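Undergrad: Sequence:
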Amino acid sequence: MRRDRWLFVTLSLVLLALLLWRPETGWELRALLGSREEESRTADELYAQNIQLKAELAKLSVIESQLPAWSPEYIRASVLSRYPFGAKSELLLDIGERQGAEEGVAVAFQGVLLGKVQSVFDSTSVAQTVFDSRFEVAVRIGERGAEALFRGGDEPHLTLISKRAKVEPGDVVYSASPLFPYAIPLGEIEAVKLSEDQLFQEASMKFSYEIGAVRTVFVARQ
0 MRRDRWLFVT LSLVLLALLL WRPETGWELR ALLGSREEES RTADELYAQN
50 IQLKAELAKL SVIESQLPAW SPEYIRASVL SRYPFGAKSE LLLDIGERQG
100 AEEGVAVAFQ GVLLGKVQSV FDSTSVAQTV FDSRFEVAVR IGERGAEALF
150 RGGDEPHLTL ISKRAKVEPG DVVYSASPLF PYAIPLGEIE AVKLSEDQLF
200 QEASMKFSYE IGAVRTVFVA RQ
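First residue of the sequence shown: 0, per our numbering; consecutive thereafter.
Honestly, the hints are just simulated from the structure, not real lab data. Because the structure is a prediction, the values reported are computed rather than measured. Mixed in with the good hints there might be a few duds.
[Unchecked claim] Below are the SDA-like pairs computed for lysine to any residue, each with C-alpha atoms no more than 20 Å apart in a straight line:
#: 1; residue 1: Lys162; residue 2: Lys192
#: 2; residue 1: Lys192; residue 2: Ile210
#: 3; residue 1: Lys165; residue 2: Asp153
#: 4; residue 1: Lys205; residue 2: Gly99
#: 5; residue 1: Lys87; residue 2: Glu154
#: 6; residue 1: Lys192; residue 2: Ser118
#: 7; residue 1: Lys205; residue 2: Gln117
#: 8; residue 1: Lys87; residue 2: Asp121
#: 9; residue 1: Lys205; residue 2: Ser118
#: 10; residue 1: Lys205; residue 2: Leu159
#: 11; residue 1: Lys87; residue 2: Gly211
#: 12; residue 1: Lys165; residue 2: Ile210
#: 13; residue 1: Lys192; residue 2: Arg220
#: 14; residue 1: Lys205; residue 2: Pro177
#: 15; residue 1: Lys87; residue 2: Ser118
#: 16; residue 1: Lys192; residue 2: Gly144
#: 17; residue 1: Lys192; residue 2: Gln117
#: 18; residue 1: Lys205; residue 2: Gly186
#: 19; residue 1: Lys165; residue 2: Gly152
#: 20; residue 1: Lys205; residue 2: Ser194
#: 21; residue 1: Lys192; residue 2: Glu167
#: 22; residue 1: Lys192; residue 2: Gly211
#: 23; residue 1: Lys192; residue 2: Arg163
#: 24; residue 1: Lys192; residue 2: Gln221
#: 25; residue 1: Lys205; residue 2: Phe120
#: 26; residue 1: Lys87; residue 2: Glu167
#: 27; residue 1: Lys87; residue 2: Gln221
#: 28; residue 1: Lys87; residue 2: Ala145
#: 29; residue 1: Lys87; residue 2: Ser77
#: 30; residue 1: Lys162; residue 2: Phe130
#: 31; residue 1: Lys162; residue 2: Phe206
#: 32; residue 1: Lys205; residue 2: Arg150
#: 33; residue 1: Lys192; residue 2: Phe206
#: 34; residue 1: Lys165; residue 2: Phe130
#: 35; residue 1: Lys162; residue 2: Val191
#: 36; residue 1: Lys205; residue 2: Val111
#: 37; residue 1: Lys162; residue 2: Leu193
#: 38; residue 1: Lys87; residue 2: Ile210
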């Protein structure tokens, strides 16, 4: 204990003597400590910038992975949120009237019809998806082009398929509406059955995407 105290006193006296006989020593110590603080701040700043760059790269990677080849007939848009919160019937997009968005046009994801623009604001718009129960569109099925009506909802399905039409699981379902690009696909048939009144066939649908994972879409131009 006493030895430690004498060591501390001795070092203090030596440091005091240096400061008295060589004042520049104090400035050198300050410069040394200051440089270390500056190095620490620089390292923290570089670390923060690195995190920001990683986040930006991650965002760009997600966007790029969800985009097919760009077409001048479409406008790229990012999904800001889903309406109601966490639901899948409507999407809030980051493009609006300023960017050329218009009501009623198709909204596509990876080349598949995801829905249509429902309302347009100055710099945002709301897209109604195929999972909205109010969404309906005339479609055709498979190579034979059997006609049907696509009805949206939590479980989108096809109705009004002729009993004579040969349709089966795996057949592609594509738009036949003049409101959307002709033959843009919606998904595939999952299962086929007769309607309750036995007058038509009905079919459940399966899709190539999970609506909750959609981050970037294409909005058609008029």
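Undergrad: Each of the hints needs a verdict: does it hold here or not?
TA: Hint-by-hint comparison with the structure:
{"no.": "1", "hint": "Lys162 - Lys192", "verdict": "10 Å, holds"}
{"no.": "2", "hint": "Lys192 - Ile210", "verdict": "26 Å, violated"}
{"no.": "3", "hint": "Lys165 - Asp153", "verdict": "26 Å, violated"}
{"no.": "4", "hint": "Lys205 - Gly99", "verdict": "31 Å, violated"}
{"no.": "5", "hint": "Lys87 - Glu154", "verdict": "11 Å, holds"}
{"no.": "6", "hint": "Lys192 - Ser118", "verdict": "36 Å, violated"}
{"no.": "7", "hint": "Lys205 - Gln117", "verdict": "24 Å, violated"}
{"no.": "8", "hint": "Lys87 - Asp121", "verdict": "23 Å, violated"}
{"no.": "9", "hint": "Lys205 - Ser118", "verdict": "27 Å, violated"}
{"no.": "10", "hint": "Lys205 - Leu159", "verdict": "18 Å, holds"}
{"no.": "11", "hint": "Lys87 - Gly211", "verdict": "7 Å, holds"}
{"no.": "12", "hint": "Lys165 - Ile210", "verdict": "29 Å, violated"}
{"no.": "13", "hint": "Lys192 - Arg220", "verdict": "37 Å, violated"}
{"no.": "14", "hint": "Lys205 - Pro177", "verdict": "23 Å, violated"}
{"no.": "15", "hint": "Lys87 - Ser118", "verdict": "16 Å, holds"}
{"no.": "16", "hint": "Lys192 - Gly144", "verdict": "18 Å, holds"}
{"no.": "17", "hint": "Lys192 - Gln117", "verdict": "32 Å, violated"}
{"no.": "18", "hint": "Lys205 - Gly186", "verdict": "6 Å, holds"}
{"no.": "19", "hint": "Lys165 - Gly152", "verdict": "25 Å, violated"}
{"no.": "20", "hint": "Lys205 - Ser194", "verdict": "19 Å, holds"}
{"no.": "21", "hint": "Lys192 - Glu167", "verdict": "10 Å, holds"}
{"no.": "22", "hint": "Lys192 - Gly211", "verdict": "28 Å, violated"}
{"no.": "23", "hint": "Lys192 - Arg163", "verdict": "13 Å, holds"}
{"no.": "24", "hint": "Lys192 - Gln221", "verdict": "37 Å, violated"}
{"no.": "25", "hint": "Lys205 - Phe120", "verdict": "32 Å, violated"}
{"no.": "26", "hint": "Lys87 - Glu167", "verdict": "27 Å, violated"}
{"no.": "27", "hint": "Lys87 - Gln221", "verdict": "25 Å, violated"}
{"no.": "28", "hint": "Lys87 - Ala145", "verdict": "28 Å, violated"}
{"no.": "29", "hint": "Lys87 - Ser77", "verdict": "15 Å, holds"}
{"no.": "30", "hint": "Lys162 - Phe130", "verdict": "26 Å, violated"}
{"no.": "31", "hint": "Lys162 - Phe206", "verdict": "24 Å, violated"}
{"no.": "32", "hint": "Lys205 - Arg150", "verdict": "13 Å, holds"}
{"no.": "33", "hint": "Lys192 - Phe206", "verdict": "19 Å, holds"}
{"no.": "34", "hint": "Lys165 - Phe130", "verdict": "26 Å, violated"}
{"no.": "35", "hint": "Lys162 - Val191", "verdict": "11 Å, holds"}
{"no.": "36", "hint": "Lys205 - Val111", "verdict": "12 Å, holds"}
{"no.": "37", "hint": "Lys162 - Leu193", "verdict": "8 Å, holds"}
{"no.": "38", "hint": "Lys87 - Ile210", "verdict": "7 Å, holds"}
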